[in-house]
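Novice: The residues making up each chain are set out below.
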Amino acid sequence: MLFNEVYGAYYNAVAAILSEAVKDKITDARINEIVRDKAFFESILTIPAALKDGAWPLISADGSTPLKREPEMPLTELQRRWLKALLSDPRIKLFGVDETGLEDVAPLYSPDVFVCFDRYSDGDDYSDPRYIESFRTILTALREKRKLKIKFKSSRDIEKKWVCVPCRLEYSSKDDKFRLLTFSPRNALTINLGRIKSVTLLEPYSEEEFKPVEYRKERLVLEVKNERNALERTLLSFSHFEKEAERLDDNRYRLTLYYERDDATELVIRVLSFGPVLKVIEPEGFRAQVYERIKKQQKLRG
Amino acid sequence: MAYSELIKNFERIRAYMRDFFVYGFKSRSEFDLKSARSYDNERRRIESWLGGYMGFRQDERGKNVFLSVDSRAAAENPLYKAFKAKSFTAGDITFHFWILDLLADGRTVSIREISDAFSEEYAARFDNFDGLDNSTLRKKLKEYAELGLVRAEKRGRELVYSLSEDKVDLSSWSEALAFFSEADPLGLVGSFLLDKLDEKQDYFRFKHHYILHTMDVEVLYALVEAISEIRAVELTVLSRRISSEKTHTVFPIKIYISAQTGRQYLLAYHYRYKRPMFYRLDTIRSVVPGSVEHNPGRYSGWYEKFAACLWGVSAGEAPDLDHIEMTVRFEPHEKYILDRLEREKRCGKVELLDEYTARFSADVFDASELLPWLRTFIGRIVSLECTNKYVTDTFYADIDAMAALYGGERDAV
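First to last, the sequence lines map onto chains A and B. Following the numbering used here, the numbering of the first sequence begins with 2 at its first residue and continues without gaps. Following the numbering used here, the numbering of the second sequence begins with 26 at its first residue and continues without gaps.
Think of the hints as simulated: they come from the structure by calculation, not from any bench. Accuracy of the hints is not assured; some may be wrong.
Claimed, not checked - Calculated cross-link-like contacts (lysine-lysine; reagent style BS3-like; alpha-carbon spacing at most 25 Å):
#	chain 1	residue 1	chain 2	residue 2
1	A	Lys175	A	Lys154
2	A	Lys94	B	Lys232
3	A	Lys94	A	Lys154
4	B	Lys232	A	Lys148
5	A	Lys39	B	Lys33
6	B	Lys374	B	Lys414
7	A	Lys146	B	Lys221
8	A	Lys161	A	Lys148
9	B	Lys271	B	Lys299
10	A	Lys154	A	Lys198
11	A	Lys39	A	Lys24
12	A	Lys24	A	Lys69
13	B	Lys225	A	Lys85
14	A	Lys175	B	Lys232
15	A	Lys297	B	Lys414
16	A	Lys85	B	Lys221
17	B	Lys221	A	Lys26
18	B	Lys232	A	Lys198
Just need the whole structure built from these sequences, with the hints factored in.
Specialist: Have a look at this one:
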């Protein structure tokens, strides 16, 4: 039972309200605050009223509760089985989790149930002890807000050293790789974890030093001709971008999406993969790159 | 019935969310509706759950609603919120918090003792609450035992209940949960677990992260359960081509997932058609578990050999395999093209013909599935040959069409 109220936002909000009411009488203002934080936009219209008018007999009119303890729900069978399934995932070694409590639990699925058929085959080696050590050191730095000194091999096979503030750990399912987004006072750098030779924890950084570089988003406007189910294919393929789609007429649609500049080359070949059902409208530079490749291909055919 | 932001059943909202997320240009009048009010209610619910991701645009057909999520910038999949909006009764929520509180001290109690304690320790504080009758208690306790929240055991002739033992230290999992709640196909369960933690780690981000499959997670869960229990299933599938629903009795084998589009497929053996079939999960309306398959090897023994000739999720129509060869040339500074061929090929082989020329070749069920990938090498392909003529004809016709598209009138599509 995946769709069940015990996992719902309302139960979570009420649990948080009761946790406070057990310790001391809770005010209406505090109830509203918790509802806004834990539930949905319109929940403020229902949860406080249901608690106040006794429809849900959990909080008395004076803000106290008959409950004796803070509500604590044990893990459900589904949750235990899902955690157990994760123990067979090679990436779980990166995290050093405590497996206690899952000894006699049947996993929700076995790892070979899922086949990621178009994932690239040169993903990171999650069983490499050096990789695991680097990953865990990076997690510590992110958790404790500390700087790092990283030795890594660049894409041109040159060994480099980089002292930085780690910002985000980014995973791509397509590449099956982790990348660390970092910055220093002068520059920002993204490092593939697979290229890291060693990582050393340095001193904590201050709030003022945490100034992640804002990547400038580029705008790409495409026109989709709805042949060969192109509309659905295009919209699904680009659905991970911030985007908007408009209908131009019964068969033509305009798709505007926003991407990070570093991904331009990847996006050029993704646009090409759709063939003539997709046309770049702007920017001109992007359009020129696509056309250049097409002309080159025509010449190769002779 | 009065409007509520909570819902009893996920199926109807699933279609609306998909349309708002994928298309976003349909107006109110274009939705297949029982009534205009149902559209208004569903839109209002989605706005309550996901207001920050919702946008509106006006065109000549009316107001269009769309959902737009830059999934690379988000630490959490916002669509999970829809699964946290299940409706319930006053009795449900009352029972939930009373029973957790009553059993928290480790006691083991019968229904009679629960009923007495509920009346004396909890209901007595509220004048206008009638309490929970024994039949409701019995039903809820059975449900909670199935969920694994309480343990039921016999004491003499009566059933007694206690809180399930939970020794998992979730705090040691907080970073793994932040990661797997997004990266695992059933990560929704991880999102439920994250809600139990006081602090959430927000330093993971996900590139090429497709979240639309969230809408199909109930179907996925039912299929995964059936696969692990080695059960047949009856699928109700919507055929988009003929816009009708059909049922199929199949033996589920694998879930195929595309990391490049997010699409998910079931690979199953079709008992009546006597062959493997793929079904897109977003076309499956329901999954009914059937009987345990006592001879699973008979219906899945072919898998390894079958998988070796699949490029994507098509077993093709013709009995013979398609043979395909693509030769590409690259510049001295473009050795990454060779790396691309190696890492992106899903079957077949890559040979170096000279220092800067490489040939990819493969035998596959349906070579037309390679067309999008072949096009990513446009500008470098010196030869393309395939026993399926449709593939080469389509490839070269598309090149000409694309050249006309960019070289001709600027507005031509």
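Novice: With reference to the structure, classify each hint as holding or not holding.
Specialist: These are the hints, each one checked on the structure:
{"no.": "1", "hint": "A/Lys175 <-> A/Lys154", "result": "22 Å, holds"}
{"no.": "2", "hint": "A/Lys94 <-> B/Lys232", "result": "21 Å, holds"}
{"no.": "3", "hint": "A/Lys94 <-> A/Lys154", "result": "24 Å, holds"}
{"no.": "4", "hint": "B/Lys232 <-> A/Lys148", "result": "24 Å, holds"}
{"no.": "5", "hint": "A/Lys39 <-> B/Lys33", "result": "20 Å, holds"}
{"no.": "6", "hint": "B/Lys374 <-> B/Lys414", "result": "21 Å, holds"}
{"no.": "7", "hint": "A/Lys146 <-> B/Lys221", "result": "24 Å, holds"}
{"no.": "8", "hint": "A/Lys161 <-> A/Lys148", "result": "17 Å, holds"}
{"no.": "9", "hint": "B/Lys271 <-> B/Lys299", "result": "17 Å, holds"}
{"no.": "10", "hint": "A/Lys154 <-> A/Lys198", "result": "7 Å, holds"}
{"no.": "11", "hint": "A/Lys39 <-> A/Lys24", "result": "19 Å, holds"}
{"no.": "12", "hint": "A/Lys24 <-> A/Lys69", "result": "9 Å, holds"}
{"no.": "13", "hint": "B/Lys225 <-> A/Lys85", "result": "21 Å, holds"}
{"no.": "14", "hint": "A/Lys175 <-> B/Lys232", "result": "8 Å, holds"}
{"no.": "15", "hint": "A/Lys297 <-> B/Lys414", "result": "23 Å, holds"}
{"no.": "16", "hint": "A/Lys85 <-> B/Lys221", "result": "18 Å, holds"}
{"no.": "17", "hint": "B/Lys221 <-> A/Lys26", "result": "23 Å, holds"}
{"no.": "18", "hint": "B/Lys232 <-> A/Lys198", "result": "23 Å, holds"}
When the structure is compared with the earlier hints, no violation turns up for any of them.
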